[in-house]
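*Asks:* Take the given structure of chain F and dock chain U to it, following the hints.
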Amino acid sequence: MDWYPLYNSLRIAAISTVAVFFLGLLAAYYIAKLPRLVKGVLDVVLTLPLVLPPTVVGWLLLCLLGPRRPLGAWVLETFGVRMVMTWWSAIFATVVVSFPLMYRTARGAFESFDSTLADAGRTLGLSNTYIFWRIRMPYCRQGILAGMVLAFARALGEYGATSMVAGYTPGHTATISTTVYQLWRTGDDAGALKWVLVNMAVSAVFLLTVNLLESRERQARKGGAR
Amino acid sequence: MSLTVRISKQLGDFRLQADFQAENESLALLGASGCGKSVTLRCIAGILKPDEGHIELDGQVLYDSAAHIDLPPQRRQVGYLFQQYALFPNMTVRQNIAVAVRDKSRREAVVAEQLRRFHLEDVANQRPRQLSGGQQQRTALARILASRPKAILLDEPFSALDSYLKYQLELELQDTLAQFPGIVLWVTHDRGEAWRSCRRVCVMNHGVTEPVMTMEELFRHPGTQSAARLSGCKNYVSAEPMENAVRVPDWGGVTLRCAGRVPHDVTTLGIRSHHVHPAADGDENRISCTVNRAIDDVFGAIVLLRPEGAADSAPLLRMELSKEDWAAQPDKTQITVSVAPENILLLK
Chain F
1 MDWYPLYNSL RIAAISTVAV FFLGLLAAYY IAKLPRLVKG VLDVVLTLPL VLPPTVVGWL
61 LLCLLGPRRP LGAWVLETFG VRMVMTWWSA IFATVVVSFP LMYRTARGAF ESFDSTLADA
121 GRTLGLSNTY IFWRIRMPYC RQGILAGMVL AFARALGEYG ATSMVAGYTP GHTATISTTV
181 YQLWRTGDDA GALKWVLVNM AVSAVFLLTV NLLESRERQA RKGGAR
Chain U
1001 MSLTVRISKQ LGDFRLQADF QAENESLALL GASGCGKSVT LRCIAGILKP DEGHIELDGQ
1061 VLYDSAAHID LPPQRRQVGY LFQQYALFPN MTVRQNIAVA VRDKSRREAV VAEQLRRFHL
1121 EDVANQRPRQ LSGGQQQRTA LARILASRPK AILLDEPFSA LDSYLKYQLE LELQDTLAQF
1181 PGIVLWVTHD RGEAWRSCRR VCVMNHGVTE PVMTMEELFR HPGTQSAARL SGCKNYVSAE
1241 PMENAVRVPD WGGVTLRCAG RVPHDVTTLG IRSHHVHPAA DGDENRISCT VNRAIDDVFG
1301 AIVLLRPEGA ADSAPLLRME LSKEDWAAQP DKTQITVSVA PENILLLK
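Chains F and U supply the protein sequences, listed in that same order.
Under the working numbering, the residue at position 204 of the first sequence is numbered 204, and the numbers go up by one with no gaps.
One gets the working numbering by counting positions in the second sequence from 1 and adding 1000 to each.
All the pointers check out, no bait thrown in.
In silico lysine-lysine, DSS-like type, Cα no more than 27 Å apart, as pairs: (1) U:K1166 - U:K1234; (2) U:K1332 - U:K1234; (3) U:K1104 - U:K1150; (4) F:K33 - U:K1049; (5) U:K1049 - F:K39; (6) U:K1323 - U:K1234.
If you're looking for bench data, these hints aren't it; they were derived computationally from the structure.
If you're wondering where the values come from, they're calculated on a predicted model, not measured in any experiment.
Pulled out of the complex, with its shape left as it was, chain F reads as follows (with noise of 0.2 Å):
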């Protein structure tokens, strides 16, 4: 069995979901300091490819990257490369579809954050970056580690702007999704019902360990507790 859509399916979600981590908490941040306003329309901009179906985020992921398009086609043009139809074209898809879940859920844990604790931090000279990182971060650690579990679970199992955007080529693009459609609408039930299992298995671990990772970290909590 090739075990190409597997590999390619962590790594397309591995690499998106740093990216939204990343993505998502600058966001969440610069955007919960901004006027009300402009908030609320970011916020509804920013959430919208949660509630699109997968198929329209992806059609207009191909009107900006396609070769024909302006960014696509400059791209094309000044580094000579394609964005679409290689494996990590998916992973535009899957960053753009992953990001509201990232985004909201560490909003939700800022918005919870004492900011006394950070003006505290300022007056005793600490440094902006210094008070994200080691206290408001550490803080707010429960909200963003739920955002990241769900951001990387909602990229593993993108199926439809991932299609649209890098396509299926078996040992290239093929990931789990892709492949179990592909294999179905050839009639090889065989293969897709073995894909289906891989899938079910992965996501089982996939959670097992954040239910692992939680109860350990409960468990540390207790500990410090005595």
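*Replies:* For chain U alone, kept in the frame of chain F given last:
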């Protein structure tokens, strides 16, 4: 060293106008809740930005709207003790103190010194939520002192505590601050706290500061009704100034002699409840009253009196005396009381 504050800031309907100067001392900023004390502290620390004005500490301009100077909090060297202490929950006591030491080469020495000084060695590796209220406050103070501030701002330091713990911590805080060489600005609504810890006071009323005065002045000559209220005076009635006396129309036109000349702009007089006594022979300023009601208090008695000829709408006169003195009163329905001339507070 001195701290000069002259700022204004509009917050919705509320306008803050703070204007005072603190020398090398503990200055109390006394005001009712919501009068803008905390906002003033936040402006001094640089957490909030005033609309305009000037803040200067030890010759260094921290904020000046005309010169476009607005130092970030990190560079102001102003320590801030928050009401809930704002200890970093993800750090131990030791780490909380260590982050505040700017000079990394001295970090360990300073932390060790602060832990010893504040008796925190046993809990050095615990996190804030495992500490008692007192330990939390000591950690917060140790952390502030480790950052070597020129001024310390205390924002209602005991508001979160019950009265026994409050008393303990107040003693500790006084000891600590007695060794602090800089300026302490002590925000409180509690006159007792201000009296015990500060020699001078700045009264704040609806966002506006009054001139700085000594604590003695606040109690003897508060000058305004808001200051008198904050000093704990409970009886107020409108008054008409006369030569050396005031006439009180609401209390049947009784005339009360005062110590010295009465300024023309006096509109109100204030009398502290414990300055009202059952009249003895030869007392001045006698007021005959009917007893409206007597309340048994924890350590004394509170008696509400209606002066003879007082209008129904007139404020009652409140008298506080010991349980024994009240028990010794032969007549508990009609009583003549007196107030010494020097105990009549003349207010604007």
